[in-house]
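Chain D is fixed; fit chains L and A onto it per the hints.
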Amino acid sequence: MSAVPLDLRNRDRSARLRGRLFHAAIFASTTIGLVVLAVLLIDVIRKGLPYLDGILLTDPPSSLPERAGAGPAIRGTIYLMGLLLIMAVPIGVGTAIYLEEYADRSRWYNRLLEVNIQNLAAVPSIVYGILGLAFLVRGIGLGRVLLAGAMILTLLVLPILIVASREAIRAVPDSIRQGAYALGATKWQVVSRQILPAAIPGIATGSILALSRAIGETAPLLLVGALQYVAFNPTLLGDFTALPIQIFQWIARPQDEFHDLAAAGIVVLLIILLTMNALAIWLRNRYSKKW
Amino acid sequence: MSESETEVPIKSLTPRDLAREKPTPEPRSAEDVVFHVEDLVVSYSGKCALRGVTLDIQRNYVTAFIGPSGCGKSTFIRCFNRMNDLIPGATVEGTIDYHGTDLYGPDVDAVEVRKRIGMVFQKPNPFPKSIYDNVAFGPRVLGMTDNLDERVEQALHRAALWDEVGKRLKESALSLSGGQQQRLCIARCIAVEPDVILMDEPASALDPIATTRIEDLMQELKNDYTIVVVTHNMQQAARVADMTAFFSVDVGQDGDRTGVLVEYDTTDKMFTTPSDQRTEDYVTGRFG
Amino acid sequence: MRVTFQQELEELEHSLQIEGELVLRSLRGAVDALTRQDTELAAEVVAFDDDIDRQYIAIHEGIEQLLARQTPVAVDLRLVLAMLHVNLHLERAADYCVTIAKLVTLTESLQGDPTLVEELEEMGSRADEMIRFALRSFAERDPVGAEELVLFDEVIDATNRRLVHQVLGLGTDVERREWGLRMILISRCLERIGDHAVDIGEQTAYLVTGEFREFTDASHGDPRGTNGRP
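Residue numbers (the working numbering), protein chains in the order written: chain D, 1 to 291; chain L, 1 to 288; chain A, 1 to 230.
Next up, chain D with everything else stripped away, as it sits in the complex (with noise of 0.2 Å):
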């Protein structure tokens, strides 16, 4: 017996068509932010390139374009960018894990915590520099100094740290704890044998994304003393700069050469963020378990 030919074609020609449509607009969104985002840098790295060398790594700022350098403003960036990872880390993974182990959800202060975690990222970080202002440099009298900026900015990335470290940790699967407590580990012996090497990864991806938020942050900074003309090489408790005000200070002048030396330390600033960002990425693939 012959079997009866079906007619498997496709009839629905205007679903295809519409498949075809969505595709290509998917495609072309995608297409959009990477054709924009390359004109941004090609055209930066064409005009900063010339004056990318060592004056600009090294030296400090002068009123001659041939002689202006980012110096203080690099060394202020990355010690910046240093006291918020020595600060932010732990206070960031610590609430986390103790909202995530420790806490009873049942209790209003947990609870209360909780709801504004979420309410404080939501902040505008301007907000963050005039409670700087108010407090650290004036109310216990810090100064407006290196350390004081820091600290802001430690502020003002705690909740994103927070949030993916909570993440990171909640994606543990609970069948590990189980599986740790089966065996007789204390609670502690559970966080930090199973948990934290297991959300690691997760940790360092948020860290990457407070530091990538931290690192552009200009208004904050200003509003706690950050100055625009710094020839020295800041220290914790002297006068500072950061890159990102060294570059708006130049852009604000009216020569071209200027121009030119902004795009130059925009680059600059770029390759410190993408190395931070890849040593992050090394770190998380290192401890990266598939489950």
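Just so you know, these hints were derived from the structure itself, not from any lab.
One or more of the hints may lead you astray.
[Claimed, not checked] Straight-line C-alpha distance at most 30 Å; calculated BS3-like pairs for lysine-lysine:
hint : chain 1 : residue 1 : chain 2 : residue 2
1    : D       : K187      : L       : K269
2    : L       : K47       : D       : K187
3    : D       : K187      : L       : K115
4    : L       : K167      : L       : K115
5    : L       : K170      : L       : K129
6    : L       : K129      : D       : K187
7    : D       : K187      : L       : K170
[To be verified] Here are some chain D residues pointing at chain L (derived, C-beta under 7 Å):
hint : residue
8    : G19
9    : H23
10   : S175
11   : G179
12   : A182
13   : G184
14   : T186
15   : V191
16   : A198
[Unchecked claim] If you want the ones that stay clear, here's a sample from chain A, every Cβ over 10 Å from chain L, calculated:
hint : residue
17   : A43
18   : F48
19   : Q65
20   : R69
21   : D76
22   : L77
23   : L110
24   : P114
25   : L151
From the three backbone atoms N, C-alpha and C, an ideal C-beta is built for every residue, glycine too.
Same frame as chain D, now just chains L and A:
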């Protein structure tokens, strides 16, 4: 002679009173009772999940808990190593004596309990570490770090896994097959030298061959440990268990579902001449 | 739940009851052949045994498949095991009917004693009743009734013993004596059919209570005390 009669109708069984009632068998001796459970009631946030359980678990036996879903058998087994403590809102009333000491007494530390009473879970849950580090985790957290290599090797031997992984202890535990992972979890449990091994549906996520290996392992392990296993597979209970407890769901006036112990006896009796009609209905599959 | 399994059990038991009907037919045929000296009927009985054997094999295969595929436990397992035994007992009973038929053919030309033949006919009726009763109490799961088969069996046993004396008193005629010996064999066959009916009753008791117990044991004295007396 009379003509043949018309078809003889076949009636269902006569009432249970014709079957002889036998009480729960006496333990071999008082020392052979590992757990004595008396009137246990477990509730989650006020709702009773399991009530009125009284039984003894005997040393070096495999004891199986069977019953339909929701009958409280997993809840029950988790009482033995105080894993229910990890569930907020869970309360335990009544007593469970472990070698004469109340497990839920005021001075009893859950960590000490879990040192002696280990657990293997339904879905194999190896840690995302190497095979060696998995087995070594328990001894390390409990401070049993002397001769760690030997401990790990012994545990893997006992779990019938050494031949397969002995040469690759540094590889990730997640690279093992499901059956191997479950045996790794058993090795992990054995490494801390427990007295009792609890198994909550240990083979339900495994293929038939891996299941058979786990069942064979249970028979070997019972010589050194006391094994309690929850299973939804009746045939498995019939194959591996010395004693079987059947739990069922009691539906109350307001639709509340509570688990109750229906019958507890030797496996032979439970599967040939059970005393309770509910048990018989369950093992013959007339009710799920 | 397990509807297919329940159906298979019921069908198997139904087949068993049918086999019982076939055995009763065979028995009736054999006894009628004896009373009417009908060798044609006897030959039919012998040929009919093939039908019974086919039924026996079919039931046995059914049991084998049920055990392999369904892993019955508790009461289901006891039912299947009981059916296994009952199947065998019915088949053996049928074989005895064939033996009776063959003996009828062998004694075709011989002159018999009608009184004796009447006694044998009576035994045949008893055996028929016993098989019927055993099958009914199995179907009704009635162990108490099943035990009453022992009383029926005593009647057959008593008649069997009486027959020996009657045959001894048949005289010295060689043909008569040969006929008498064959009749004793027939009587023995009927007595064995009765025993198989009792065995079926024991299976009924096992099925219901889970205990296997012989109603009477040949190696121990009959507690009712008719042992040794004629």
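Here is what the structure says about each hint:
1. D/K187 <-> L/K269: violated (43 Å)
2. L/K47 <-> D/K187: Holds: L/K47 and D/K187 sit about 27 Å apart, inside 30 Å.
3. D/K187 <-> L/K115: Within the cut-off at roughly 14 Å; holds.
4. L/K167 <-> L/K115: holds (28 Å)
5. L/K170 <-> L/K129: holds (9 Å)
6. L/K129 <-> D/K187: holds (19 Å)
7. D/K187 <-> L/K170: holds (26 Å)
8. G19: violated (38 Å)
9. H23: violated (36 Å)
10. S175: Cβ of D/S175 sits 4 Å from chain L, so the hint holds.
11. G179: Holds. Min distance 4 Å.
12. A182: Constraint on D/A182 satisfied, holds at 4 Å.
13. G184: holds (4 Å)
14. T186: holds (6 Å)
15. V191: violated (12 Å)
16. A198: Hint on D/A198: holds, closest Cβ of chain L at ~6 Å, below 7 Å.
17. A43: holds (20 Å)
18. F48: Correct as stated: the minimum Cβ-Cβ distance to chain L is 14 Å, above 10 Å.
19. Q65: holds (17 Å)
20. R69: Since the minimum Cβ distance to chain L is about 13 Å, A/R69 lies beyond 10 Å and the statement holds.
21. D76: Non-interface label fails for A/D76: nearest chain L Cβ at 5 Å, not farther than 10 Å.
22. L77: At roughly 7 Å from the nearest Cβ of chain L, A/L77 sits no farther out than 10 Å, so the non-interface label is violated.
23. L110: Per Cβ check, A/L110 is outside 10 Å of chain L; nearest 25 Å; holds.
24. P114: Given a closest Cβ separation of 18 Å, the condition holds.
25. L151: holds (20 Å)
The earlier numbered hints that this structure contradicts are 1, 8, 9, 15, 21 and 22.
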